[in-house]
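J.: Protein chains in written order, with the numbering used here: chain A, 44 to 149; chain B, 146 to 999.
None of these hints come from the bench; they were simulated from the model.
What you are looking at is a predicted structure, and each value in this text was computed from that prediction instead of being measured.
Warning: the hint list may mix true and false statements.
Calculated Cβ distances over 10 angstroms to all of chain B for the following chain A residues [said to hold, decoys possible]: (1) 69; (2) 70; (3) 74; (4) 78; (5) 79; (6) 81; (7) 90; (8) 98; (9) 102; (10) 109; (11) 112; (12) 124; (13) 127; (14) 143; (15) 146.
Covered, in the sense of this in silico footprint (three residues per stretch, anywhere, with C-beta under 8 angstroms from a C-beta of chain A), are these stretches of chain B [as the list claims (entries may be wrong)]: (16) 458-467; (17) 473-485; (18) 838-848.
Even glycine gets a Cβ: it sits at the ideal position worked out from N, Cα and C.
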Amino acid sequence: MRWLGLSLAGPAIWAAGFTLVYALHGAGCAQGWTDIAVAGAVSLHALLLWSAWLATLAAGGLLLARLLAAAPKAPGLVRALPRAGAWIGLGATAFTLLPVALATSC
Amino acid sequence: MTDATADRTPAEARAETLAIPANPPQRALALHRALDRVWRNDRGWWGQVTAVNHTTLGLRFMGTALVFFAIGGVLAMLVRTQLATPGGAFLDTELYNQIFTMHGSIMMFLFAIPMLEGLGIYLLPKMLGTRDLAFPRLTALGYWCYLFGGLILLAALLFGVAPRDGWFMYTPLSGATHSPGINADVWLLGITFVEISALCAAVEITVTILRQRAPGMRLTEMPLFAWYMLGTSAMMLVGFPPLILASVLLEIERAFDWPFFEVARGGDPLLWQHLFWLFGHPEVYIIFLPAAGALSTIIPVMCRTEILGYGAIVAAILALVFLSFGLWVHHMFTVGIPHMALAFFSAASLLVAVPTAVQVFAWIGTMWKGRPELHLPMYHILGFFLTFVMGGLTGVMLAVVPFNWQAHDTAFVTAHLHYVLIGGFVFPMMAAAAWWMPLVSGRARIRSLGEAAFWLILVGFHGTFFLMHLTGLLGMPRRIDVYPDNPEWIWLNLTSSVFGFVMTIGFALFALDLVLQAVMGQRSRRDPWRAPTLDWSLALPTPSYTFASIPGPRQLDRPAGAVALPLARGEGLLPGAPRPRRELLVTTVGDARPDHVALLPGNSALPLAVAAAIGSFVLLMLAGFYALTPLSLVLVAVLVWCWGRGLVRQGDAAPVEVAPGLSLPVQTARRRTLGWSGNLCLLLANGTFFASLIFGVGFLSLVAPGWPAPPARAADAGAAGWVVVALLALLVAAICARLADARQRNGHVSGRPALAGVAGNAVALVAIAALALLHMDDPTQHARDALRGVLAGYAALHALTAGGLAAFAWQQLRRGEIATRHGGALPTWRLWQDFAAATALIGAALVIGQEALG
């Protein structure tokens, strides 16, 4: 069960991050957070979206690093699937949330 | 669920598993007779009513789905006849609307999903090396719910009151104002009725795959079909609840005027779209994954090799299961969503093509390295490649926002979805039918008819739908019944209609081929394809008990044909039926170590009775007799109680010797039973339902135009008091559940905590009722108040459920059915009680937060 959980962890981190960023995006657009400047030209909305995206990337990266560093005593798919899951989660986080860096927010 | 991998390396685990000694061989015929006496269906018509066997029910699911497919196909032909000419007078607009709505609804909900459920139900126990699914009566309940729900929809069509708002029932078109009458209610209630069946199957399949694999069949080594079905069932548990919630909310709006989707009173039609597509897009993958599982099973054998990239395919399944939940907004690209959100979902829609492509390349690679043989299943597989890849590519086109805006709601989208669904599901299912028919019927196919059917279907399909891309690009909207001002669409539509009939003739031939094979085919030899999976080790057609003895580690490493005799002679585990009851082996999740013996219930009419009681609720709602519906719910509760009591009365709890020197306890001595796992799955689905409700509250609060809501009735001390009382009562009940559970494990069996649990839930119910009746605003006033009403109702329903479980446990304690080594209903009560308390707390916090933020 722990192995299954580890395999699901990477995509689950993406799912949580995707949900959080989408929720923050909707809430920020509705509440006018784009008009609140927090650090010079940076709006509260952008700050929150960037923070959530980077935090998700960090969590996914941390998981992957831990899995890669773990002693490879398990054979084949037992070792590979959690790592593949972590790569899937990290890649999906980087790609699907890239619009945080590229698109206008609202 | 128990974990086997935590403390030992896999090699150690396998060594331990492999050490299971073999049973001595016995006379196969004697074993067969003893087992058949225990496992077979009752005789005659009554036997059909009470059947709970997975083989019977799996076939019944698939057979019924094929009937609905035929009906849906006839409706499609009516649509094509209407569209063959620009001013078709074949159908009037009202009837045309009903027919295209019913075509889509039938194909999605009454054909595709039940067909994949039926395939999983029929095959999984045979592939995994077990005798039946985890909850046979639940399988039967699912079937009856499916049948009754489908019949309600069909009856509505016959009486001219079928749904007419399109298969995704967009609001406000489907609201009470624009869709008076019961047409929309038929869809909302009938489809929700059918979805009970999907949830039953999902629970069933998840638990069976995780906990009933043959000893030694580790997760990482199980057949790919099981991986695909595991992904599918997990997606069904998470994907269906948003649609169930949406249907419940719309039905409440239509029946009781609580506004969830009506803009003037704080609702928003986009909430429907979000909830529908939260289900609707994963649904595409829910349909595709089992089909892909069949392909991954058939292709290597047809190519006389092994699948290429087993691990990559499992990783691709994992990716699809998650990513498919991040695409739903691409169905809503034109509703006015901010650019950044569009970009999130566009990116996810593009990304999901990657794991799909991984599978396609793995299949192509498998064919490349093997020696493909062009038997009938292979024809359909090649048809799949051609069609599905084209559908996938138009999917990538639609994922690109600017193109999507141009093609939205045109015949291009209709063409795309048919390429995906017929390419990704129907062709693989036809391959699967040709592949597994010898197992089903015990007979070999009749030459040539199947090939002729294939060519007619392939040519007919592409002739119909390839042209529809062009019709869409020329601007033809979907769902129109006449187009007198657009002569440029005429030849395309006429040609599509002609080819549509060619395709229909092909499907009719396909059905005839199946019937002739079942009736007139020569007897098939065992394992005609020389396949490696355990299903082909069975006698043809398969016996009622599936395996005379459960395959053990010794049997797993050998070809299916080579293990048939040893298993039939009882050399596996748990041979025969020395005790007159239905027994199967439960194994651990990771490495499939034998854990305990589960005792399954026998044939029963209870599933039919429960489905009929639920059906009475649906019919009363449709008839508008809302005041009588509680009677149906009481009846359901009573029958569910009887269901639970039936589980208790399963006799001798002595350990069972499954192999020489290996005795295992029966389920009553285990905490983590199949039932416990099933409840966990159910709570996952329930949690998704609740999360969708929270999403609805957040979405309307933030995005809906009719907010802020009018001032709420001033929050007084009385309201706060009732909230506190309800939460405290649920908390006390949760503590009682834990106390009862802990005391039972420590040998101090007592009924008092369970009784206190009943009282706690009763107090919570009273408090919630007082809060709703005395302090909450009129729920018809605004969406905020309607949502609060739903939250209160949800909390009350769960207090009632948890209270019922506490009462059940109390009764078990009084009767002495719970002992030191037998927890009875206590672990299940604890699960539900914790869930009830947690969701009530979250709901209360949400309302308090809303009030605080103004």
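J.: Work down the list of hints and note, for each, if the structure agrees.
T.: Going down the list of hints, with the structure as the test:
| no. | hint | in the structure |
| --- | --- | --- |
| 1 | 69 | violated (6 angstroms) |
| 2 | 70 | violated (6 angstroms) |
| 3 | 74 | violated (7 angstroms) |
| 4 | 78 | holds (15 angstroms) |
| 5 | 79 | holds (16 angstroms) |
| 6 | 81 | holds (18 angstroms) |
| 7 | 90 | holds (14 angstroms) |
| 8 | 98 | holds (16 angstroms) |
| 9 | 102 | holds (15 angstroms) |
| 10 | 109 | holds (17 angstroms) |
| 11 | 112 | holds (18 angstroms) |
| 12 | 124 | violated (6 angstroms) |
| 13 | 127 | violated (4 angstroms) |
| 14 | 143 | violated (7 angstroms) |
| 15 | 146 | violated (4 angstroms) |
| 16 | 458-467 | holds (count 6) |
| 17 | 473-485 | holds (count 3) |
| 18 | 838-848 | holds (count 4) |
In summary, the numbered hints that this structure violates are 1, 2, 3, 12, 13, 14 and 15.
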